[in-house]
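Undergrad: Protein sequence lines correspond, in order, to chains A and B. Using the numbering used here, you'd call the opening residue of the first sequence number 1 and step up by one each time. Using the numbering used here, you'd call the opening residue of the second sequence number 1 and step up by one each time.
Bear in mind the hints are in silico, worked out from the structure with no lab data behind them. The beta-carbon is built from N, C-alpha and C at its ideal position, and this holds for glycine as well. Careful: at least some of the hints might be erroneous.
[As the list claims (entries may be wrong)] Short, incomplete list of chain B residues facing chain A, as computed with Cβ under 8 Å:
| id | residue |
| --- | --- |
| 1 | V8 |
| 2 | L9 |
| 3 | R10 |
| 4 | A39 |
| 5 | N42 |
| 6 | S69 |
| 7 | P73 |
| 8 | R229 |
| 9 | F232 |
| 10 | H233 |
| 11 | S234 |
[To be verified] Per label pair, the in silico range of CB-to-CB distance:
| id | chain 1 | residue 1 | chain 2 | residue 2 | range |
| --- | --- | --- | --- | --- | --- |
| 12 | A | D79 | B | K235 | 26 to 32 Å |
| 13 | B | S174 | A | A62 | 16 to 22 Å |
| 14 | A | D41 | B | A112 | 21 to 27 Å |
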Amino acid sequence: MNDVWKKNALGKIEAIFRDHFLDDNLHISEATSPADIDEWDSLAHIGLLATVETAFAVHFSADDMAEIDSVSSLLAALDRRVNG
Amino acid sequence: MQVDAQVVLRLAMTAAREGRAEEALSQLRSIASPGATFAQQNQCARLARAIAPRLERLPTLRVAFLAGSTIDPLVDLLGLWLLLAGFRLEAYNAPFNSWRQQALDPESGLYAFRPDIVWFFLTARDLRFHDSAVAVVDGEAESSAHLRDLIGAVEQVSARLHGHVFVNNAEATSTRPLGNLEGRLLQTQAGQVSRYNATLTQALPPSCNLFDLAHQAACFGLSRWEDARLWFHSKHPFSLEAFGPVAFAAARLLAAGAGRSRKCVVLDLDGTIWGGVVGDDGPANLRLGASGGAIGEAFVAFQTYLKALSSRGVALAVCSKNDDALAREPFGLRSEMVLTLDDFAVFTANWGNKADNIRSIAATMNIGTDAIVFVDDNPAERALVRAELPEVAVVDLPDDPSDFVAALAAGAWFETLALSDEDRLRSRAYRNNAARTLAMGDSSDIGTYLRGLDMHATWGTADSTRLPRMSQLLNKTNQFQLTEKRYSQAELETMASDPRFWVSWFSLRDRFGDHGLISVVIVRMGPETPCIDAWAMSCRVFSRGMEDLVFAVLCREISRRGYASLLGRYVPSPKNGVVSALYERLGGEPDRASADARWHFDLGKPRQTANIFISEVPRDNAATPADTPTTN
Chain A
1 MNDVWKKNAL
11 GKIEAIFRDH
21 FLDDNLHISE
31 ATSPADIDEW
41 DSLAHIGLLA
51 TVETAFAVHF
61 SADDMAEIDS
71 VSSLLAALDR
81 RVNG
Chain B
1 MQVDAQVVLR
11 LAMTAAREGR
21 AEEALSQLRS
31 IASPGATFAQ
41 QNQCARLARA
51 IAPRLERLPT
61 LRVAFLAGST
71 IDPLVDLLGL
81 WLLLAGFRLE
91 AYNAPFNSWR
101 QQALDPESGL
111 YAFRPDIVWF
121 FLTARDLRFH
131 DSAVAVVDGE
141 AESSAHLRDL
151 IGAVEQVSAR
161 LHGHVFVNNA
171 EATSTRPLGN
181 LEGRLLQTQA
191 GQVSRYNATL
201 TQALPPSCNL
211 FDLAHQAACF
221 GLSRWEDARL
231 WFHSKHPFSL
241 EAFGPVAFAA
251 ARLLAAGAGR
261 SRKCVVLDLD
271 GTIWGGVVGD
281 DGPANLRLGA
291 SGGAIGEAFV
301 AFQTYLKALS
311 SRGVALAVCS
321 KNDDALAREP
331 FGLRSEMVLT
341 LDDFAVFTAN
351 WGNKADNIRS
361 IAATMNIGTD
371 AIVFVDDNPA
381 ERALVRAELP
391 EVAVVDLPDD
401 PSDFVAALAA
411 GAWFETLALS
421 DEDRLRSRAY
431 RNNAARTLAM
441 GDSSDIGTYL
451 RGLDMHATWG
461 TADSTRLPRM
471 SQLLNKTNQF
481 QLTEKRYSQA
491 ELETMASDPR
501 FWVSWFSLRD
511 RFGDHGLISV
521 VIVRMGPETP
531 CIDAWAMSCR
541 VFSRGMEDLV
551 FAVLCREISR
561 RGYASLLGRY
571 VPSPKNGVVS
581 ALYERLGGEP
591 DRASADARWH
601 FDLGKPRQTA
611 NIFISEVPRD
621 NAATPADTPT
631 TN
């Protein structure tokens, strides 16, 4: 995974999370998982994925969705879809 | 969403957290839109959750969802749209696909939750109507078995609970194995769903309500509605984006069930119901009908829609910046006009401020400004009214008159759970009411005016034909509402056949017309002192002594049953201040010992009766048409 791309992607993802939870104090890193954010439940998860899809102009497959359960797995799926 | 909306959301969130709930709510109202994306509506829902607990005196609606799919997004967004409709949502979402057990088991979470509303949120997706390996069904389809299950469950719930029950019909699918032929053959999957929906409307008990999910799916567009990936992944019944419109429509319906639908459309004239400006162009040159081109046809279509609204009880009023005589001319001179002067409860054409005029229209019709939808093609007028009267719903009219009908319809302002004859005559009733108000202006004193009204009142105890209207009155009335008890039709029916309750209705007519059923009183009797459990009266008949007549009849009837005294209670609400001192005025002794506001009436003492200008028309309560024995 290209470092520059990853840094950019993380920035976009952080903005998405901050919008979703209406909390500008949230910090998102590669290590972030639902355990770190109280309100990141299955309902929030679906909404976040949908917003990420729109922001990155990608479409996750059903398999992708099953695999994504943290920021690092999200980055991996995005890398696959965006960078091929 | 524009950047400024994101800013407003954060400001509002801060306001909510700091306890400035009303401010946050008004900011939320300014950005929430049913057409916004799911992400945006979700943000608004999060904000709504932060605001709701901090608002005082917000009525709560307890809604239980019995679903066969994952509908958490619906619950969240319904919380948003119900808050904007004036309610706090308390939700119970039954465990996944447990609706049959929940309905049948009297110890289930459903009944323990004590819901006001039970919603069987089933969809064709989770009922698997389009999930068959067989394209053409021989014999009974699975959908008939499902319908039997569903009606059974609905009947159980209706028997045990007294709130509103909602049931979805089934949406269509875009992927039909037999393609176009499924539109015609009943034995196909699509044909069976059509039959299911048709049978459902007949089989559903009259006190239960249909939620037209099929219509929501059609409006949204089936291809966008369907989300196979989301169904396989997490059993959501349709796409995330569809949850917003469904939640919006549901909130309007639930609010209507609780009495909060709008009552009147206030219309501008120039550029709103006809093309052109009558003061400049003259009536002959206004664009109306085919001679006015596409625009002319569009205005006729809009008038036709408005007339249809009026035919089902939505009042229409005019508020135009014009000379009054000129504004009226097109109604007589142009044959293409669909609306007539008779269609309007109030016709206001002057050069005054529209906000003032709207207040005056509301006062003349005796409705709140929060019952009004304002339609005006001029953005400046719309902005003025929005700023001065935030409780008025202002339609964001698009530029093209072709889209006016859609813009007005999109607000779903006039939802109702039932249609009564009273509704259909309501527009005339508002017109007559306005005439009375104006006649009052002509009388030299109130006594002359009241005597001149030539009023006659009739009353009776509850019968099956009057129950829907009685429940509607109890639920819709907010001002003359003594105890805030809102009973459903089913509950009224139970009380009416219970000898411990006196459930009565009153109707009134006068020289100008028949007001119909305008008051409901329920007295709870028993070994102790009888208590007035509920008393609501339509604001249409305020200030004419009707409440004195009702009370006199009430006292007489309770006394006839052997009781020596009576209690009246007042439960304050934001809108019922007008009756806070009613029992005092009627001669009650305040009960200082009790925590809530109560008055005691001694039925033995001769009552000082106010001057009542209403004649009571005797009615034989023992026989209703159905009871009349047929003898020779």
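Undergrad: Indicate, hint by hint, whether the structure satisfies it.
TA: Hints, verified against the model:
Interface hint at V8 of chain B: violated, since its Cβ lies 11 Å from the closest Cβ of chain A, which is beyond the 8 Å cut-off. Residue-level restraint check for L9 of chain B holds (minimum Cβ-Cβ distance to chain A is 6 Å; threshold 8 Å). Interface restraint check for R10 of chain B: the shortest CB-CB distance to chain A comes to about 6 Å, inside 8 Å, so the restraint holds. Checking A39 of chain B against chain A by beta carbon gives a least distance of about 5 Å; that is within 8 Å, so the hint holds.
With 8 Å as the threshold, the beta carbon of N42 of chain B comes within range of chain A, its nearest partner Cβ sitting at about 5 Å, so the hint holds. Given the 8 Å rule on beta carbons, the hint for S69 of chain B is violated: about 13 Å separates it from the nearest Cβ of chain A. The beta carbon of P73 of chain B comes within 6 Å of a beta carbon in chain A, closer than 8 Å, and the hint placing it at the interface holds. For R229 of chain B, the interface hint holds, since its Cβ comes within 8 Å of a Cβ in chain A; the closest pair sits about 5 Å apart.
At its closest, the beta carbon of F232 of chain B sits 6 Å from a beta carbon of chain A; the interface hint therefore holds under the 8 Å criterion. The beta carbon of H233 of chain B is positioned within 8 Å of a beta carbon in chain A (closest approach about 5 Å), and the interface hint is therefore held. Interface hint status for S234 of chain B: upheld, as the beta-carbon distance to the closest one in chain A is roughly 7 Å, under 8 Å. The supplied range of 26 to 32 Å is met by D79 of chain A and K235 of chain B, whose beta-carbon atoms lie about 29 Å from each other.
About 19 Å separates the C-beta atoms of S174 of chain B and A62 of chain A, a value consistent with the hinted range of 16 to 22 Å. A hinted range of 21 to 27 Å for the beta carbons of D41 of chain A and A112 of chain B is consistent with their spacing of about 24 Å.
Of the hints listed earlier, those the structure fails to meet are numbers 1, 6, in rising order.
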